[in-house]
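> Sequence:
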Amino acid sequence: MSENNTAVVSRNYQNNFVPNGTKLNECQFWSKVGSCRHGNKCAKIHKRPTRSKTVVFWKIFNNPIRTYYGRGPLSKQADIIDDSNDGFVTIKVDIDENYLKSETDRLYQDLFVELSLNFGEIDGILICGNFNPHIGGNVLVKFKDEKTAFRCYQSCNDRWYNGKPMFCDFSPVQYFEDAICKGFSSHGRCERGDKCNLIHPRRPNPELHRTLISSQRDYYKDKD
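Residues in the sequence shown are numbered from 4 upward in steps of one, following the working numbering.
Bear in mind the hints are in silico, worked out from the structure with no lab data behind them.
Note that the structure is a prediction, hence the values are computed from the model and not measured.
Glycine residues also receive a C-beta, built at the ideal position from the N, C-alpha and C atoms.
Be a bit skeptical, because a hint or two may be false.
[Said to hold, decoys possible] Only pairs whose alpha carbons sit at most 27 Å apart, straight line, appear in this in silico DSS-like list of lysine-lysine:
hint, residue 1, residue 2
1, 185, 198
2, 35, 145
3, 62, 167
4, 50, 62
5, 62, 185
6, 145, 198
7, 62, 145
8, 47, 198
9, 185, 35
10, 35, 150
11, 147, 224
12, 185, 47
13, 145, 47
14, 198, 44
15, 104, 167
16, 198, 104
17, 145, 224
18, 145, 185
19, 198, 62
20, 104, 35
21, 62, 44
22, 150, 226
23, 62, 147
24, 47, 35
25, 62, 35
26, 50, 147
27, 226, 145
28, 185, 50
29, 62, 47
30, 104, 185
31, 145, 104
32, 35, 147
[Stated by the list, open to error] Across the chosen pairs, the derived CB separations fall in these ranges:
hint, residue 1, residue 2, range
33, 194, 222, 40 to 48 Å
34, 104, 185, 19 to 27 Å
35, 61, 127, 17 to 25 Å
36, 209, 147, 18 to 26 Å
37, 216, 188, 15 to 23 Å
38, 192, 157, 34 to 42 Å
39, 190, 154, 32 to 40 Å
40, 103, 225, 29 to 37 Å
Kindly generate the complete structure, drawing on both the sequences and the hints.
Okay, here's the thing in structure tokens:
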């Protein structure tokens with residue numbers, strides 16, 4: 004390349020490389036919730052941890068409403084479709100709250116007992132009750148330490164639950180309280196509905212939760 008051509012290239016060159024130590028523009032919802040509405044198309048950074056105390060199980064809780072992002076062929080069925088939600092197309096179905104409560108308790112107990120006995124102490128389980136595609140059905144399990152979470156991650160991607168394959172990853176979520184929608188947690192409803200990017204938790208029966216925590220404490224106390 005001649006010197007003249009080199010000069011032209013130098014003048015037109017824009018350095019798009021990021022220097023070491025530069026703080027990247029991270030997606031706040033991915034960091035706080037471990038899930039993002041835009042997925043891989045998000046313009047911001049999704050940092051995927053290689054280790055964490057929290058493991059996310061994708062779509063393991065059955066979502067009673069099938070929600071579609073964008074307008075699919077079902078949008079022609081106006082009698083069962085509500086498409087007023089900014090591009091979300093939701094099939095209107097009757098929600099049986101008693102059934103959902105029993106499913107929540109069943110999943111919570113199954114996961115708590117299986118994971119605690121086989122891998123180690125659990126600090127908390129968060130079931131995502133949202134009806135949107137990117138959060139709904141996910142379950143976050145936070146262990147007492149990263150080694151326990153690693154053993155769970157290694158073992159559970161080759162397993163099945165409730166007739167479905169299990170898929171899990173390390174989650175960036177460190178604090179459940181930051182991931183939870185405060186309005187939904189306090190009042191049981193959220194004005195943003197399916198557009199909310201925070202978790203609408205489905206909580207187990209309080210007595211079941213206390214029993215599992217107490218049993219885990221006694222079990223690991225005896226092992227020590």
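> Checking one constraint from the list: CA of residue 35 to CA of residue 147, max 27 Å. Satisfied?
holds, 19 Å
> For residue 50 and residue 147, compute the direct alpha-carbon distance and say whether it is at most 27 Å.
The hint holds at about 22 Å.
> Hey, residue 104 versus residue 185, does the alpha-carbon distance stay inside 27 Å?
Within the cut-off at roughly 20 Å; holds.
> Hey, residue 150 versus residue 226, does the alpha-carbon distance stay inside 27 Å?
holds, 18 Å
> Go ahead and decide if the range 40 to 48 Å is satisfied by the Cβ distance of residue 194 to residue 222.
With a Cβ separation near 42 Å, residue 194 and residue 222 satisfy 40 to 48 Å, so the hint holds.
> Do the alpha carbons of residue 35 and residue 145 lie within 27 Å of each other, as the hint requires?
holds, 14 Å
> Check whether the Cα positions of residue 62 and residue 47 lie no farther apart than 27 Å.
Measuring from Cα to Cα gives roughly 24 Å; hence the hint holds.
> Can the suggested window of 17 to 25 Å be confirmed for the beta-carbon pair residue 61 and residue 127?
Taking Cβ atoms as reference, residue 61 and residue 127 lie about 18 Å apart, which means the hint holds.
> Is the hinted pair residue 185 and residue 47 satisfied, with a Cα-Cα distance of at most 27 Å?
holds, 24 Å
> Assess, step by step, whether the Cα of residue 104 is no farther than 27 Å from the Cα of residue 167, and give holds or violated.
At roughly 20 Å apart (the allowed maximum being 27 Å), residue 167 and residue 104 satisfy the hint.
> Next pair to validate is residue 145 with residue 185; report whether the Cα-Cα distance is within 27 Å.
holds, 20 Å
> Just to be careful, I want the Cα atoms of residue 145 and residue 224 compared with a cutoff of 27 Å; is the pair within it?
Status holds; Cα separation ~19 Å.
Violation of the numbered hints given earlier is absent; every hint is satisfied by the structure.
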